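Protein chains in written order, with this note's numbering: chain X, 2 to 250; chain W, 522 to 864.
All the pointers check out, no bait thrown in.
Estimated spans, in silico, between C-beta atoms of each pair: (1) W/E838 / X/L192: 30 to 38 Å; (2) X/A110 / W/D797: 53 to 61 Å; (3) W/T534 / X/P92: 44 to 52 Å; (4) W/A808 / X/D114: 30 to 38 Å; (5) X/L122 / W/T625: 31 to 39 Å.
Far from chain W, by Cβ distances over 12 Å, these chain X residues were calculated: (6) N64; (7) L69; (8) L124; (9) D178; (10) Y205.
Calculated from the structure, these hints are not laboratory results.
Note that the structure is predicted; figures quoted are calculated from it, not measured.
All C-beta atoms, glycine included, are put in the ideal place defined by N, C-alpha and C.
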Amino acid sequence: MLKIENLHATVGDKPILKGLTLDVPAGEVHAIMGPNGAGKSTLSYVLTGRGGYEVTEGSATLNGEDLLALEPNERAAKGVFLSFQYPLEIPGVPALTFIRTALNAQRRARGEDEIAAPAFLKLAKEKAAALKIDFDMLKRGLNVGFSGGEKKRMEILQMAMLSPKFLILDETDSGLDIDALKIVSEGVNALRAPDRGMLVITHYQRLLDYIKPDRVHVLAAGRIVASGGPELALQLEAEGYDKYTSAAA
Amino acid sequence: MTLASALKTGDLTQLPSRRDEDWRWTDLRGLIRAVPPASPPVDGEVAAGPFDGLAADEILFVNGRQRHAAAGDAGDVVALRFVSATEGAAHAAAYAIVVEPDTTLVLLESHEGRAGGYFSDVTLDIAVGEGARVERIVLVDDHAEAIDVVTAEVDLAPGATFNQTVLTTGARRQRVETRINHPGAHAKVRLDGVYILENQRHADQTTVVTHGGVDGITSQLTKGVVDDQARGVFQGRIVVQPGADQTDARMGHHALILSDKAEVDAKPELLIFADDVACAHGNTIGALDDQQIFYARQRGIPEVEAKAMLTQAFLGEVVERIEHDGAREIAAAWVAARLGRAE
Numbered sequence: 002m003l004k005i006e007n008l009h010a011t012v013g014d015k016p017i018l019k020g021l022t023l024d025v026p027a028g029e030v031h032a033i034m035g036p037n038g039a040g041k042s043t044l045s046y047v048l049t050g051r052g053g054y055e056v057t058e059g060s061a062t063l064n065g066e067d068l069l070a071l072e073p074n075e076r077a078a079k080g081v082f083l084s085f086q087y088p089l090e091i092p093g094v095p096a097l098t099f100i101r102t103a104l105n106a107q108r109r110a111r112g113e114d115e116i117a118a119p120a121f122l123k124l125a126k127e128k129a130a131a132l133k134i135d136f137d138m139l140k141r142g143l144n145v146g147f148s149g150g151e152k153k154r155m156e157i158l159q160m161a162m163l164s165p166k167f168l169i170l171d172e173t174d175s176g177l178d179i180d181a182l183k184i185v186s187e188g189v190n191a192l193r194a195p196d197r198g199m200l201v202i203t204h205y206q207r208l209l210d211y212i213k214p215d216r217v218h219v220l221a222a223g224r225i226v227a228s229g230g231p232e233l234a235l236q237l238e239a240e241g242y243d244k245y246t247s248a249a250a
Numbered sequence: 522m523t524l525a526s527a528l529k530t531g532d533l534t535q536l537p538s539r540r541d542e543d544w545r546w547t548d549l550r551g552l553i554r555a556v557p558p559a560s561p562p563v564d565g566e567v568a569a570g571p572f573d574g575l576a577a578d579e580i581l582f583v584n585g586r587q588r589h590a591a592a593g594d595a596g597d598v599v600a601l602r603f604v605s606a607t608e609g610a611a612h613a614a615a616y617a618i619v620v621e622p623d624t625t626l627v628l629l630e631s632h633e634g635r636a637g638g639y640f641s642d643v644t645l646d647i648a649v650g651e652g653a654r655v656e657r658i659v660l661v662d663d664h665a666e667a668i669d670v671v672t673a674e675v676d677l678a679p680g681a682t683f684n685q686t687v688l689t690t691g692a693r694r695q696r697v698e699t700r701i702n703h704p705g706a707h708a709k710v711r712l713d714g715v716y717i718l719e720n721q722r723h724a725d726q727t728t729v730v731t732h733g734g735v736d737g738i739t740s741q742l743t744k745g746v747v748d749d750q751a752r753g754v755f756q757g758r759i760v761v762q763p764g765a766d767q768t769d770a771r772m773g774h775h776a777l778i779l780s781d782k783a784e785v786d787a788k789p790e791l792l793i794f795a796d797d798v799a800c801a802h803g804n805t806i807g808a809l810d811d812q813q814i815f816y817a818r819q820r821g822i823p824e825v826e827a828k829a830m831l832t833q834a835f836l837g838e839v840v841e842r843i844e845h846d847g848a849r850e851i852a853a854a855w856v857a858a859r860l861g862r863a864e
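The task is simple: from the sequences and hints, build the whole structure.
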């Protein structure tokens, strides 16, 4: 599924990723944990093609296809979805319009027919109900005036509607209270599937109580410095990142 | 010093020039080297206008000559059309509208360029009686080589309401000017504009609102988008005369610049000679937000479509303020089409 090999990336002239290698097979959930400044968000932006991040070496492929050669929207159409740490507010564009525009753009890019309005609305109502999102909220400007928890639920709703192949969750737990965390995690868990991979980026172990990873990796100073099973997350929670940051430096 | 007087006399020195403070960004004297011949009469059929089907009555000018007059008791939704049909020719038209007290008028005005490189000057006098209510929607679709000046003088009586939205794509030189005599006395004005400019088009939206009495309200919102080497001009002046206390006047002008060579010139002016007034203005000029564009692209929306969607949303705030449902839908579709988006 997702294969990253010896990835080096800079922001400005500053090297952030320094030889990151990672393999997430289909059907698995991998967690990336690490201290602030380790390059966690940079990894999510490099994989999705945000401007200002330059790959200087290495590769990233999804099912054998070179992601780095594609435009951000082409990567999305191939099935890469990033749940943002800070979802953007888009005044004047109702959430429904935004999601429908995105879904149809992806379908066009894949040579599929656009979804008809009634089928789209039915799907949106169903998915919104599962995430306890008031349907009327979808008629308002996307994320405008929404609380942190509502914005994260809106990310999961988009994920459920777009049905991507590979999910990247960037600090999805930040700004969530326990109730919202449960709803969001249930939404993510509902998307676990044998043909779908997930990369869960988080600073804290708490999220991983709800979204159970198959593997946990420690990212420090731009590289994966340790990998293990779910128990590694608990160990990090107890011991902190100190030994990795000093070892990596 | 107007385009109309220069067209009439053939005297180029009658043209407003950059030396006139109010015309410094819309210089006509420096642009026009010769007065073109007068536009000929046109007898043929004229295709339907942009508000076709909405109005019960139509007042049609072609090349400055009036074709259809409204019936004496025109309905409360009237189309007022100014069609320019001859390339390289000039015409001027003037029209007066009196809105009786306590009546309602929706004025659907269009300026339709059906040929290249014409000169058009239109002067309107609109008198709004006591307690009457007018909504004026102006769609200006000029040819890229046209020179077009539209001036409206609006006189409000106490308790009158005048709401206006001007939507334009510019021309070689284009000015839409609205001057409002605001008596206060609970009269209300909404004065909005949208401009969408590309290539080398120029559009000037100039407004002057003079508050002469107590308790007047003015709310103004103009938004524009300029691309390529286009130039947008916004001049908004609100004068609060001595004694016009409790005036509440708010002006906003916000522009997006989509190219390095595009330009926006803005001059908001509040001239306040009274006490106890609430006046405010906000003016911003910027670019689309790169983070919003990336967010949309991450969801699969191609860059061009993402930019058009965000631009449409930016302008949508003005369009939403149009009260007449049919006119609002036509204005929204008009904006979407200019941005290359289907509704």
